[in-house]
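Q: Sequence:
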Amino acid sequence: MQGPQATTTVRARYCVGADGTNSAVRWLTGIPFEGATNEHLFYVCDAVGVTGLAPRAVNIRPAPHDMLLSFPMGKGENHRVLGILRMPDDAVAEEVVRTRLALVYGVGWSSTRWFSTYRVHHRVAAEFRRGPIFLAGDAAHVHSPVGGQGMNTGLQDAHNLALALGDVFAGRAPDASLERYEAERRPVARRLVATTDRVFAAVTSERWIASVVRRGVIPLVGPIAVRLLPRFGGALRLFEYVSQVRIHYWMSEKDRARGRRGVTVGRQLPWSDDNFAVLRRATWQVHA
Numbered sequence: 100m101q102g103p104q105a106t107t108t109v110r111a112r113y114c115v116g117a118d119g120t121n122s123a124v125r126w127l128t129g130i131p132f133e134g135a136t137n138e139h140l141f142y143v144c145d146a147v148g149v150t151g152l153a154p155r156a157v158n159i160r161p162a163p164h165d166m167l168l169s170f171p172m173g174k175g176e177n178h179r180v181l182g183i184l185r186m187p188d189d190a191v192a193e194e195v196v197r198t199r200l201a202l203v204y205g206v207g208w209s210s211t212r213w214f215s216t217y218r219v220h221h222r223v224a225a226e227f228r229r230g231p232i233f234l235a236g237d238a239a240h241v242h243s244p245v246g247g248q249g250m251n252t253g254l255q256d257a258h259n260l261a262l263a264l265g266d267v268f269a270g271r272a273p274d275a276s277l278e279r280y281e282a283e284r285r286p287v288a289r290r291l292v293a294t295t296d297r298v299f300a301a302v303t304s305e306r307w308i309a310s311v312v313r314r315g316v317i318p319l320v321g322p323i324a325v326r327l328l329p330r331f332g333g334a335l336r337l338f339e340y341v342s343q344v345r346i347h348y349w350m351s352e353k354d355r356a357r358g359r360r361g362v363t364v365g366r367q368l369p370w371s372d373d374n375f376a377v378l379r380r381a382t383w384q385v386h387a
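Under the numbering used here, the first residue of the sequence shown carries the number 100, and numbering increases by one thereafter.
Please note that a few of the clues may not be correct.
For each label pair, taking beta carbons as the anchor points, the in silico distance ranges come out as [to be verified]:
#1 A334 <-> T120: 27 to 35 angstroms
#2 A275 <-> V377: 24 to 32 angstroms
#3 G175 <-> T136: 34 to 42 angstroms
#4 A201 <-> R155: 17 to 25 angstroms
These aren't lab readings, by the way, just hints derived from the structure by calculation.
Where a beta carbon is used, it is the ideal one built from N, C-alpha and C, also for glycine.
Turn these sequences into a full structure, and let the hints steer you where they fit.
A: Here is the structure:
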């Protein structure tokens with residue numbers, strides 16, 4: 100490591116690359132980051148004194164060639180605003196975005212706390228472990244912000260790997276047990292990236308049918324669906340998928356080959372009253 104004063108060499112039994120999308124650990128290890136980069140440009144900002152949006156509410160504004168999404172932030176007309184720009188440049192000035200939003204949506208703001216643009220990637224590392232090197236979080240998988248699931252998935256990576264390493268360090272498990280990390284977490288990442296990729300493709304598609312759905316169907320059906328969905332039996336399952344708690348780990352390659360998922364084994368422990376409190380001990384437990 101190079102610091103302001105000198106170069107320091109650290110020798111460790113393992114190395115965990117949790118250093119983001121442009122992971123130096125992944126690059127130096129030579130692990131491919133498989134996938135693609137979307138052609139569209141995203142913008143995001145924290146806007147102050149916003150006008151043209153419904154106050155104290157999530158706003159979704161589809162348009163033929165644009166998409167605007169906003170979340171209220173604290174008191175007053177402060178919003179997190181994000182959306183899509185169909186422009187070839189990687190760097191677009193805030194004033195260009197403000198002009199576009201005023202023209203298409205009649206939305207504006209007095210100032211921003213910060214403003215940024217970025218490209219959306221859909222990628223998964225070819226390996227989550229290579230020898231003593233591990234990848235976690237955005238270093239292992241990255242996808243569009245559709246559903247806001249990236250942080251939950253990364254935290255699950257870290258928690259899974261931390262507990263596995265703890266068992267190895269304490270002598271409760273052999274090094275070979277760490278192979279479970281990739282076997283458990285990579286399928287979750289692959290499924291998530293594939294799902295968000297499909298949803299993102301539908302949101303950004305320039306086909307006429309997609310434009311009709313965004314402009315005509317969603318504004319009419321969306322408000323009704325939001326009210327009716329909680330009444331259906333599948334609502335809880337959908338919530339669990341979106342919140343990244345409905346995950347499943349194959350307990351053996353034999354089970355994976357047969358395609359048979361266990362009813363209980365390999366699934367997240369269901370919450371009931373205070374049964375989650377004891378999990379803070381981070382020890383092996385039996386729950387009945």
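Q: For every hint, state whether the structure bears it out.
A: Do the hints match the structure? See the list:
| no. | hint | result |
| --- | --- | --- |
| 1 | A334 <-> T120: 27 to 35 angstroms | holds (33 angstroms) |
| 2 | A275 <-> V377: 24 to 32 angstroms | holds (28 angstroms) |
| 3 | G175 <-> T136: 34 to 42 angstroms | holds (36 angstroms) |
| 4 | A201 <-> R155: 17 to 25 angstroms | holds (22 angstroms) |
Hint violations for this structure: none, all hints satisfied.
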